[in-house]
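Q: As a plain string of letters, each chain reads:
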Amino acid sequence: MTYPATYRYTKEHEWIQVDGSTGNVGITDYAQDSLGDIVFVDLPKVGDTVEAGKTFGSVESVKAVSDLFSPVSGTVAAVNEELKDKPETINTDANTTWLLKIALADAKQVDALLTAAEYEKFISEETGH
Amino acid sequence: MLLEAIPLSELQAPLRKTALNAVHRAAKSKMVDFGGWDMPVDCCGLVAEHMAVRTGVGVFDVSHMGDIQFRGPGSLAAVQKLCMNDASKLAVGQAHYSAMLYPNGTFVDDVVVHKLSENDYLIVINAGTREKDVQWVRQVIGGMPRVHMSDYSDHYTQLAIQGPRAAETLRKLTSTDLSTIKNYWFTWGQVCGLHNVMIARTGYTGEDGFEIYIPSDEATSARVWGEVLAAGAEFGILACGLGARNTLRLEAGMALYGHEISDAINVFEAGLGRYAKLDKGDFVGRDALMEIQAAGGPKRKLVGLEMVERGIGRDGYPVFSLDGKRLGKITSGSPAPFLKKNIAMAYVPVEFGALDTEVAVEIRGQRVKARVVALPFYKRTRKST
Numbered sequence: 051m052t053y054p055a056t057y058r059y060t061k062e063h064e065w066i067q068v069d070g071s072t073g074n075v076g077i078t079d080y081a082q083d084s085l086g087d088i089v090f091v092d093l094p095k096v097g098d099t100v101e102a103g104k105t106f107g108s109v110e111s112v113k114a115v116s117d118l119f120s121p122v123s124g125t126v127a128a129v130n131e132e133l134k135d136k137p138e139t140i141n142t143d144a145n146t147t148w149l150l151k152i153a154l155a156d157a158k159q160v161d162a163l164l165t166a167a168e169y170e171k172f173i174s175e176e177t178g179h
Numbered sequence: 002m003l004l005e006a007i008p009l010s011e012l013q014a015p016l017r018k019t020a021l022n023a024v025h026r027a028a029k030s031k032m033v034d035f036g037g038w039d040m041p042v043d044c045c046g047l048v049a050e051h052m053a054v055r056t057g058v059g060v061f062d063v064s065h066m067g068d069i070q071f072r073g074p075g076s077l078a079a080v081q082k083l084c085m086n087d088a089s090k091l092a093v094g095q096a097h098y099s100a101m102l103y104p105n106g107t108f109v110d111d112v113v114v115h116k117l118s119e120n121d122y123l124i125v126i127n128a129g130t131r132e133k134d135v136q137w138v139r140q141v142i143g144g145m146p147r148v149h150m151s152d153y154s155d156h157y158t159q160l161a162i163q164g165p166r167a168a169e170t171l172r173k174l175t176s177t178d179l180s181t182i183k184n185y186w187f188t189w190g191q192v193c194g195l196h197n198v199m200i201a202r203t204g205y206t207g208e209d210g211f212e213i214y215i216p217s218d219e220a221t222s223a224r225v226w227g228e229v230l231a232a233g234a235e236f237g238i239l240a241c242g243l244g245a246r247n248t249l250r251l252e253a254g255m256a257l258y259g260h261e262i263s264d265a266i267n268v269f270e271a272g273l274g275r276y277a278k279l280d281k282g283d284f285v286g287r288d289a290l291m292e293i294q295a296a297g298g299p300k301r302k303l304v305g306l307e308m309v310e311r312g313i314g315r316d317g318y319p320v321f322s323l324d325g326k327r328l329g330k331i332t333s334g335s336p337a338p339f340l341k342k343n344i345a346m347a348y349v350p351v352e353f354g355a356l357d358t359e360v361a362v363e364i365r366g367q368r369v370k371a372r373v374v375a376l377p378f379y380k381r382t383r384k385s386t
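Protein sequences, first through last, are from chains A and B. For what it's worth, our numbering labels the leading residue of the first sequence as 51, then goes sequentially. For what it's worth, our numbering labels the leading residue of the second sequence as 2, then goes sequentially.
Just chain A, with the same shape it has in the complex (with noise of 0.2 Å):
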């Protein structure tokens, strides 16, 4: 599994890939791994605001819900509205499908995040993976 360097991370699973005052928000290869075949995503619109470790929608498998976690605090820029038809995309290739684009409110909050490293070393303490 990858972790691309220049992403930050959180411990529950997401990745941001910030450019200048707006960051894409996916979830990580663990994270698609785990919760298996993808059936189902449910995201905010476009203009609602999201909160730093607040939820802003859920991601399906078959088996299981799982909330989605904001990275960070801000402004819903733009939705992958192509995850209503194709949620499966999630799974062939988590690094690169984006869920929301954000609009940062404050680009520091990033540096809290996990570096790929950090995050790395987080899932193979949690689970001897």
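Derived from the structure by calculation, the hints contain no laboratory data. Incorrect hints may have been included.
Said to hold, decoys possible - Listed below are the simulated DSSO-like cross-link pairs for lysine-lysine, each with C-alpha atoms no more than 30 Å apart in a straight line: (1) A:K134 / B:K133; (2) B:K133 / B:K278; (3) A:K104 / B:K278; (4) B:K302 / B:K326.
Use these hints to put chain B onto chain A, whose structure you have.
A: Showing chain B alone in chain A's frame:
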């Protein structure tokens, strides 16, 4: 998102293991605690496993299930008292679906009863209720004459080979003519060089298939598992876990103990009255069932639901009428990989049970429309060969 940690290391309270546990772990199956057993939930991907069973063949390790045998001239009387279906109608080599009930007509467990010979019956029971069932059986038949009960649960590795190509797969491993075994009948034969293996045309998937009962030592179990996978390779066989086992039986409208049936649900509510032979004579729970009938039948019933609006109704989600009255809750609900719909079973008051009745499932605070559909959701069309 929060994910359940599924640690690969031993848990503090050791889980029970089937003889194939090391094989499942070596194959990197995702493991789960099912009723105290360390079982594979996902071997190759739930959807792939489900589709393999519907279109080709899949193999399941169901050794965690229990096996209780009754022997002696009093064994039929014992089975008749314990179980609601009429075992006197079974021929040698025949099995049927049945259930053990409490005196109030609710379920101890659902079972499959096999008539091995005139004085010899085998009942196969659920893994999650094994200890409870054995205690119950001892309690009910303890004083009955000329019957001996044996718990053979740990003696067998039980494999379920299921799917339209299951017969072709098993045919390669046995000299027994499988075409002579009708649905819900069984025989004994040589399988993978083992003698006197029980081969039953039973299963929990809604497909044609067989369950074989082999000795439970690890070496034999691993060898046979490997030979089944090799035999089924040309048909796309996959090792299947409990995840697919659940979605398959849900599509087929089959009950799962603790969900559609339990000690709080009676036979008529569950829609299983056709398996309760009230005319056969007395059995535990019969009086209660007759009272329920006399009082006009059950007040709630199990229905099938299909989500109409976007959303997945899952186990435990509440169900409301469209004008907001709480009707009940979903007993089992999930996306259906073959039917490509989101389906569920739920208990609702009988007046809301008519086909096409629209209801609302509450999914994380939102009411999402579903409608009542006929059970089973899926019925296979091919005939057994």
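Q: Could you grab the alpha-carbon distance between B:K133 and B:K278 and see if it respects the 30 Å cut-off?
A: Given pair B:K133, B:K278 holds - Cα atoms ~24 Å apart, limit 30 Å.
Q: Quick one, are A:K134 and B:K133 close enough, alpha carbons at most 30 Å?
A: Measuring from Cα to Cα gives roughly 45 Å; hence the hint is violated.
Q: Check whether the Cα positions of A:K104 and B:K278 lie no farther apart than 30 Å.
A: Given that 30 Å is the threshold and the Cα spacing comes to 55 Å, the pair is violated.
Q: When you check the alpha-carbon spacing of B:K302 and B:K326, does it fall within 30 Å?
A: Holds - the C-alpha atoms of B:K326 and B:K302 are around 16 Å apart, at most 30 Å.
Consistency with the previously given hints fails for numbers 1, 3, ordered from lowest to highest.
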